[in-house]
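The sequence shown runs 1 to 279 under the numbering used here.
Hints were generated in silico from the structure; no laboratory data involved. The beta-carbon is built from N, C-alpha and C at its ideal position, and this holds for glycine as well. Some clues are possibly wrong.
[Said to hold, decoys possible] Each computed DSBU-like pair below joins lysine-lysine, with the alpha-carbon atoms no more than 35 Å apart:
#, residue 1, residue 2
1, K233, K78
2, K78, K14
3, K139, K233
4, K14, K233
5, K14, K139
6, K78, K139
[Unchecked claim] Per label pair, the in silico range of CB-to-CB distance:
#, residue 1, residue 2, range
7, V53, T143, 28 to 38 Å
8, N188, A27, 23 to 33 Å
9, V67, D110, 17 to 27 Å
10, D82, L32, 52 to 62 Å
11, S236, A106, 28 to 38 Å
12, W37, E142, 25 to 35 Å
13, R124, A27, 42 to 52 Å
14, R164, D215, 15 to 25 Å
15, G213, V12, 16 to 26 Å
16, A106, S62, 15 to 25 Å
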Amino acid sequence: MNGAAVVMFFVVSKVLGFVAQPSNVIALLCILGAALWLLQRRRAGIRVLLLGVALLLVFGYSPVSNVLLLSLSERFPKWQSDGHEPDGIIVLGGAIDSEVSAARGAIELDSSAERILAMLQLARQFPHARIVFSGGSGKLIETPVAEAPFAARLLREFDLDGGRVVLDSDSRTTSENAAFVRHLVGSNAGGRWLLVTSAFHMPRSVGVFRAAGFDVEAYPVDWRTRGWVDVAKPFSRLSSGLARSDVAMHEWIGLVIYWLAGRSAVLLPAPPSNAGVQS
């Protein structure tokens, strides 16, 4: 795919991801409702505002976001060691707040910090495995600051580098994660590689890595829920429900976009052992 197409895919995916998030949809509906009211179309304005309030309550307090998230995070089970050391460990970015880290001169982690914890644990558990950290910046408007250099710094501080760390500081999307890592690893892609990312992000990640010719083993972390028991648990804070709804909807929209764009062979990838649904 040429450079213009890559840039277009990046821009479109970010714009659609922004517009489709429940909190942004609700805000846009409220703005539209208020505008209609001011334009003397009060009946239409009230209807739109009521729709916005209804969605606010549903996505803010009900467990609908847990249902959406669990449908993804439960797709790949927790990784179990069979006693054989992997050839490499791929860690996807999204756990380091690179902008704040650069401004403060310290490594600041965000809500997906478990990816970094898993990287450190696996690097120590498998001392001969290569570590590939793939994380540029997915910012569309702000000045990009890559995550990868901060991950490398953290590994050095824990004495877990040893010349086995490979960095991808250019990838901005999950699709680019797969393509760039596949290029960096080259012929070694045929070995045994673990893919570390958030559990809800694992289906899309595995799909694009498979499409890039990289048959990785899923190592999900950052589960966010206790399991299916949480489908009956409402949220006590509006902001918590909205935040989780945004995460879940962003990932579902990403799955659909990647599938339609041919970046993944199936809509919802699954482990190879799941007959009939694996990609």
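Check your understanding: Of the numbered hints stated previously, which ones are contradicted by the structure, given in increasing order?
Key -> 8 and 16
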